[in-house]
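Whenever a hint applies, use it, and build me the whole structure from the sequences.
Keeping their order, the protein sequence lines are chains S and X.
End of the first sequence sits at 432 in full-length UniProt numbering; the numbers just go up one at a time, nothing left out.
End of the second sequence sits at 358 in full-length UniProt numbering; the numbers just go up one at a time, nothing left out.
It is worth saying that the hints were derived from the structure and are not from the lab.
Keep in mind that this is a model prediction, so the values were computed, not measured.
One thing to keep in mind: the hints can contain errors.
[Claimed, not checked] Below 27 Å or equal to it, Euclidean Cα-Cα: the simulated DSSO-like pairs (lysine-lysine) are: (1) X/Lys169 - S/Lys132; (2) S/Lys165 - S/Lys392; (3) S/Lys132 - S/Lys185; (4) X/Lys231 - X/Lys129; (5) S/Lys165 - S/Lys242; (6) X/Lys350 - X/Lys10; (7) X/Lys150 - S/Lys165; (8) S/Lys165 - S/Lys190; (9) S/Lys240 - S/Lys164; (10) S/Lys202 - X/Lys150; (11) S/Lys185 - S/Lys165; (12) X/Lys150 - S/Lys185.
Here's the letter readout for the chains.
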Amino acid sequence: MKHFTRLAAAAVVGAVMGTAAVAQELYAPNLSYRTGPFAATGIPLMNGQRDYMLMLNARDGGIGGVPVNFEECETGYSTEKGVECYEKTKGRAIVTQPWSTGITLQVLPKTNVDEIPILAPGYGFSPMADGKVFQWAFNTPASYWDAASMIVQYLEAEGSLEGKKIAFLHLDHPYGKEPLPLLEKLSADKGFEMVPIPVGLKEMQNQSAQWLQIRRERPDYVVMWGWGAMNAGAITEAVKTKFPMENFIGVWWAGHDADLKIVGADGAGYKSISWSYPVLDAPVLADIKQHVVDAGDSMSNPEEMEGVFYNRGLVISMILAEGIKAAQEHTGNAEITAADLRWGLENLNITEERLAELGMTGMVPPFQTTCANHTGHSGGWMLEWDGEKFVKVSDLLMADAEVIQPLEAEKAAEYAEANAPWAVSETCDAES
Amino acid sequence: MLYRTAGQFKTSYQADQALFPVRQDAILLGIILAFAWVIFPLTASEFTFQTLLIPILIYSLAAMGLNILTGYAGQLSLGTAAFMGVGAYACYKMVTIMPWMNPVVAILLSGVFSAGIGVAFGIPSLRIKGFYLAIATLAAQFFLVWLFEKWAWLYNYNASGAIQVPNLKMFGVYVAGPQADSMVQYFVVLAIVTLMTMLCINLTRGNLGRTWKATRDMDIAAELIGINLMKSKLTAFAVSSYIVGVAGALFVFMWRGAAEPNLFDIPLSFRVLFIAIIGGLGSILGNYLGAILIVGLPVVLNTLPAAFGIPVSSSMVEHLNIMIVGALIIFFLIIEPHGLAQLWRLIREKLIIWPFPH
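If you want it as structure tokens, here you go:
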């Protein structure tokens, strides 16, 4: 009977937790992953997100005078734990930040029923941009299809792609397959040949077979959609096989400083598209140093704080904080609900002036979301590894909305149909 | 005292062979069933349904399927997760091709597909045994997961390569998909698991179960007393894979809501195998005890610091959790290598003769 008392105790604990009284705070949990196989890439992002919110709490007393409770729920990047965290936090959370494509896929249909905004900056399902269908999902400021479109544009600027060959090295996982529909379309439009080369989850660290194929195919460019251990594996393999690094381009999650520090100067020329950039003399970093690091509250370290991922974490929390602020101003309440936050995230307007006020000029391109456009399509910059750090090598690149939008609408409609009955937003029209 | 069997006389063979020769066992089971069917649904929160009750039941069912094969028939298998995957994908294809189909019927039918695949991969068991057979089932594991990735028809050519459970209705109520209520899903899972458990208990006590046990204990001796080994092994593979397939369909349709191929990879196989081993091979009760320890305990441990207001970061809790559960597994296996079910059996023996041990 021991196990049943244990179960009953759990039931009581669960019931109590669900109904516990809440002090005045904005509960914005983060489904973090500081453990498990992807922890190395997770920790800098989580630290950045956390430090920004702690800074707001210390400097301004939170947002609109209400402190943010930025609690972390550890998932270890495991889908099962992620769903557990979602269920645990959804009772009083105003937002859910799932942090893995697997968890996003599971949670996405549930948020539409539970009516909680899901904030997946720069990841998740690209058609989430269609705010009419995905009322509760936000992948600001740019989607994977934006990334694919920007990379192709950048390559086109170097010369026509007609007749060229691009190898698409990707994780064999929903995340890695995400840009395939767009790349297929672009390859038909622009006349280049696209060779998809999948890397299985078990082969991440040892990609000799894939790079042998790359050597045989002799592509002009390699575009990589990698994550976790796969990035370091691919970059070391590229160095080993003497693939010209300047023709090797990764998505924004494949631009982690630590992965390139392994190869150092040999990796010079490697590029990564990104919608965030570390501006080390930005006022926001000085504020974080003053209010969080010097107070001993940060879990980060100076080396990490100069990296792309930590600074991306800051931008992600900024987007959430701006969404909360917009919602507070709209409703007049300091303590907002999940539905209010949805309005806030739909009415983000991050202009250059606003970025300057936030002390984040140059850290993210300006963008604006609407009811129908949940991505904002900020565009991004091409970053290049110079042997020691990532530097900007392009002007702001903008994704080709004319190609992406019809595809988004098509796939979003397909999703809604497969998940019928799916509540869609009736209030916003496509133009607004 | 509580378990006194004095005065419970058996006057016929039938009474002696009954499922519960001791009255208290039947009462205990009645209490457990009352908890599962009435008290938990009335008291549990959605969190409890989604992270404790439903997963524990589904994992118990999967472990029970494996236990038929490994614990009763003695055929070691490392391909459980792949057979769960067959059930899940079969169910997905059935409900997308025939949307009018009753979801519970689809779930029960999907086991048939995994039973077929299980028998096919069980054929080598006629020639090889033990670790060699484990390697053969490992081949099934790798091959089937590869198939789930590469055969786009299985996931309806979805760009992400994952399957997503549509909203399914039964008698006007949503039972699967995001619209479904947790309590409804719990009752569906509970009903199917109860049914399967009854089936397993009776199968393992009957003729078929005895031939399996004979095969497990010594296959040459079993053959000499006239047991058809081929029939015995293949029926074990079929029944086991059927139950595992149903568990896989429940896993995706009643709990996860979406699945990508690598969900059905080796870690899941090992998890189910651990549940079966720690619970106790060759026992039905053990699967439940094992699932509670391996699936339920970490969830409960995760909520404890917050419930007592101890300020520990959640990654720290996760690390502690891994250590505590790991230590407990070792502890239980040292004090009782035959699993938690054997531990309960010993406790029960002691209770029966308490307070006057011989």
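Exercise for the section: State the violated hints by number, sorted upward, taking the hints as numbered earlier in the document. Expected result: Per hint list: zero violations.
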